[in-house]
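Combine the two chains into a complex, taking the hints into account.
Chains as they are written, first to last, in the numbering used here: chain A, 1 to 329; chain B, 1 to 178.
One should not assume that every hint holds.
To be verified - Here chain B is said to cover these stretches of chain A; the calculated rule only asks that three of the stretch's residues, wherever they fall, bring their Cβ under 8 Å from a Cβ of chain B:
| hint | stretch |
| --- | --- |
| 1 | 19-28 |
| 2 | 105-113 |
| 3 | 141-155 |
Stated by the list, open to error - If you only want the chain A side, here are some residues facing chain B, beta carbon under 8 Å, derived:
| hint | residue |
| --- | --- |
| 4 | Ala16 |
| 5 | Lys73 |
| 6 | His81 |
To be clear, the hints were calculated from the coordinates, so they are not data collected in a lab. Idealized CB from N, CA, C, for every residue including glycine.
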Amino acid sequence: MHRALEPSRLVIFCDAKHEGLWFRDLSPLLSDASFETIGGRGTNPPLIEKLIYYDRPDIILLYDGEPVLVLEKTSEVPSGHNIGQRLGRMVRALEYEVPAIMFMPFDSMKHGKFSSLCNLNARVLEGYLRMWDIHSTPALAVNWPSDSDWELITDGSEDDGISAVVHDFIQSGFDWGCDEFFRHRALMAEEFTRRVAAHGPYGRPPPSVKIVPTRVLAGMIRQRSGGTRSLPAKWANRPETVVYTMGMTEQKCKRQDPYTGMQFLYDYQHCRNGPDPGDKRRNLVLDFPKVSIRRWKEANPNNPRTKSVLWYATANGFLLSDGLIEVRD
Amino acid sequence: MTDEDTVWYYTWKRLNSAGIRVIGGEPPGGSSPLPRIEMKHPDKTAKGSRGSRKCDLYAVHDGTLLLIEAKDSHSKVQGDVDKMVDIIDDPGWAGALWDAMDERRLAARNGFPDRATFVRERGRLIAPILAVPPEPGFEPPEGFLLIETDEEATTVRVRGGGPSGHLLSAVTEFLGGS
Numbered sequence: 001m002h003r004a005l006e007p008s009r010l011v012i013f014c015d016a017k018h019e020g021l022w023f024r025d026l027s028p029l030l031s032d033a034s035f036e037t038i039g040g041r042g043t044n045p046p047l048i049e050k051l052i053y054y055d056r057p058d059i060i061l062l063y064d065g066e067p068v069l070v071l072e073k074t075s076e077v078p079s080g081h082n083i084g085q086r087l088g089r090m091v092r093a094l095e096y097e098v099p100a101i102m103f104m105p106f107d108s109m110k111h112g113k114f115s116s117l118c119n120l121n122a123r124v125l126e127g128y129l130r131m132w133d134i135h136s137t138p139a140l141a142v143n144w145p146s147d148s149d150w151e152l153i154t155d156g157s158e159d160d161g162i163s164a165v166v167h168d169f170i171q172s173g174f175d176w177g178c179d180e181f182f183r184h185r186a187l188m189a190e191e192f193t194r195r196v197a198a199h200g201p202y203g204r205p206p207p208s209v210k211i212v213p214t215r216v217l218a219g220m221i222r223q224r225s226g227g228t229r230s231l232p233a234k235w236a237n238r239p240e241t242v243v244y245t246m247g248m249t250e251q252k253c254k255r256q257d258p259y260t261g262m263q264f265l266y267d268y269q270h271c272r273n274g275p276d277p278g279d280k281r282r283n284l285v286l287d288f289p290k291v292s293i294r295r296w297k298e299a300n301p302n303n304p305r306t307k308s309v310l311w312y313a314t315a316n317g318f319l320l321s322d323g324l325i326e327v328r329d
Numbered sequence: 001m002t003d004e005d006t007v008w009y010y011t012w013k014r015l016n017s018a019g020i021r022v023i024g025g026e027p028p029g030g031s032s033p034l035p036r037i038e039m040k041h042p043d044k045t046a047k048g049s050r051g052s053r054k055c056d057l058y059a060v061h062d063g064t065l066l067l068i069e070a071k072d073s074h075s076k077v078q079g080d081v082d083k084m085v086d087i088i089d090d091p092g093w094a095g096a097l098w099d100a101m102d103e104r105r106l107a108a109r110n111g112f113p114d115r116a117t118f119v120r121e122r123g124r125l126i127a128p129i130l131a132v133p134p135e136p137g138f139e140p141p142e143g144f145l146l147i148e149t150d151e152e153a154t155t156v157r158v159r160g161g162g163p164s165g166h167l168l169s170a171v172t173e174f175l176g177g178s
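If we strip away everything but chain B, and leave its shape as in the complex, we get (with noise of 0.2 Å):
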């Protein structure tokens, strides 16, 4: 069985590897080696990290924040859709988002210069991803890219396709869909 930590870390690296840029992110257990991007609460102006919340990993790719969350078996997926779409939906988190990136310089490296904008356009900024191991009989949510991963390889589908091997072209084609 791949665990999380493999799932995290496979497509952490596949992503890269096919050149879309992860610039952010925690594995499971904690103690990452890239930037840590952690909402707070948009109601919550004391310090702490409290009613925070955080992605398993992020990445860039023509322009858009893809926000990525990984397990180790889709039937623990539930939390997180819920999570990427309320921080997608809500004014609140996305503003919390993009402070959360500014913080470690991150908004405006990647093309968000603007919080206003950002906050505005998140429908079409902000896109959400599963990744989980091979599994074949499992549909993502619609408007979800599901990366699937383990040590051997890494593909990508949407609701109701087929999977592809091509990660870069077939994110494009998600993103551009999406």
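So here's chain A without its partners, still in its complex pose (with noise of 0.2 Å):
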């Protein structure tokens, strides 16, 4: 895909309006580019409706009135379970063949009362790589870099890595296959390795997720249901299946970060082999032993008009306290 570009038929959909004027001074061939502001749930174009279902980024980059970027920008270092608040804004844009792009501090400082050096959850990496992989789409994880004293740099030289990422990419003419993308993917590739050569932990799943003989899920089913529920027919299909066990109490289980985040990337690592969330070799099963079936529909409802939907976007089914949810086949 190449074509001559024409920068006034560019718009930057935002967040919020520096979002925006940080993104146009990515590239000069964005000097031309308008602005519209991402508004709430219903109040979008369509295009922009669908790619905010999931979770709302920073930064939507429209040209000729199709969407031709996603981008997400975070301060935060994705340590442990903080990435997933991020992930499924990421996934909804490969859902709908967008390259997504997101922007964030490999390793950085935390500062407060506990201050310490933070490092990349480095599943993260493989996951942008997997779902690259399994939509034919770009997905992308750029690095904010630190100073020698682990603080985030902000004096402007932080942006040289996305700019020339974004630049290219625009330059090219909105080519999935442009240098920069291409560059980058074997940058996040390597990053991965030497991390789980520095720490073994992230080569395999943390300890929340457990990949099972699918017959040992049949027992936990007919097990929490009392006898009354047995193994949905089409998840016997699948030999194994990935348990992600999170211990949220009945008090505390009306929420989605970081959890419905998370869930995207264990479902890409380990379960999903096509684009639709249906497409996997392995079950992804959401097991919830402290809440009760009559709690969860209460809490979490399936409704687009709330940030609960999250919770079924991916995995087959959840296993509660009394019993199961058959999410899909």
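Have a look at this one:
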């Protein structure tokens, strides 16, 4: 895909104006782009509504009325579960075949009472590589660099890397095969390998995620439901199941972050083999041993007007304290 | 009309470009790419942000901490003027400002290693700045630097002075004379 660019046809949809201004400054080719603000659900053009269905990204770039790029920027270090809060919006872009870029620090100092250096949860790098392969659409993590004291750089030079990526993509006529995309893909792969070598657990699922034979899951379903439920027939076609256990209590189960985002990571790393959420080689079951079916439905309905809809985006079902909710085959 | 977000963004960017180090701040809608520096109320020891104060931007130049408040109109700045005067005049608030910077290791890193000195010398070490869209008829309060900015250009001036497009020299001169 290579086309003569007419910059006046570029529109930057942004969550906040300063984010749009920052994005526009990344490339001189964006200097004639116009701005629109991403509004609340139900107030945007249909294409934007689809892209924010899971969650709102910082930037959606349109060319000739078509989305060509989604970008999220955060100064928060994606250690532990933090990264989950922003994965849904990235995945949604890929589902609509829109390249997605996350600009974030890979390593930086966290401040406050317990100040320490925080490092990237390297699983997310493998997750992005898998997302790119599964959707055949670029999914990039670009590093926001830190200085020698691990403090985030904020003097403007921190944008050099992301600026090169965005500029090259636009200059190439939105070519998914542009040099910078593939250079950063290689960097992501190298970073993943290096970080797993330095910290072995990142090469395996975390303790909250178990890969079990599906017959074990069948036993769990029978036990939780008091023998009234059995394994859904189509789940049995997948010999293994990924069980992601969350210790939320009934009082505190009305929430999404960071779990709804992390389900995507584990899905792409260990389950998915195609672009549709039903395309899985392993089942993905979200396990809430302290929450009943009644309380779950009350707190987290499958309602497109609320963020709780994210719970239903990719898992096969929910295993609760008293039984099973089946979401998809 | 230039909105507050735009004033905030170009104040940050153009100070940086001029070689004036912006060390923290938060845009009008939150979600800051810069370190957030929030002063806890000097009389309050409990957790939480009630009664706390923060400025839109914090910069350092020539050994002075610049407090910067951005608004989309000069008619909205009085509350910010009062706040900044209070932070500088009140040793409790000045101390809270040093504590907030120190929590993020920004105090020593930017040349303010000693809390007692920072509080004692606060009139010399802290300077107030207002940032608004260009409004030729508006005179900033005495002792304040006024940044006027939109997407096209940024100038600075003091009360009774003319605008200058040379941010670095104008800020340096302001601090020398303040």
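Quiz prompt | chain B covers the stretch 141-155 of chain A, three or more CB atoms within 8 Å, holds or violated | solution = holds (count 5)
Quiz prompt | Hint status (Cβ of A:Lys73 to nearest Cβ of chain B, threshold 8 Å) | solution = Given a least distance of 7 Å, the restraint on A:Lys73 holds.
Quiz item: Okay, the stretch 105-113 of chain A and chain B, do three or more residues pass the C-beta test at under 8 Å?
Solution: Holds, because 3 residues of the stretch 105-113 of chain A bring their Cβ atoms closer than 8 Å to Cβ atoms of chain B.
Practice problem: Let me know if the C-beta of A:Ala16 comes in closer than 8 Å to any C-beta of chain B, holds or violated. | Solution: Since the shortest Cβ distance to chain B is 5 Å, the answer is holds.
Quiz item: Are A:His81 and chain B close enough, Cβ to Cβ, to be under 8 Å, as the hint says?
Solution: violated, 19 Å
Practice problem: Report holds or violated for chain B covering the stretch 19-28 of chain A, Cβ cut-off 8 Å, minimum 3 residues. | Solution: holds (count 4)
Figure legend: structure checked against the earlier numbered hints; the only hint not met is number 6.
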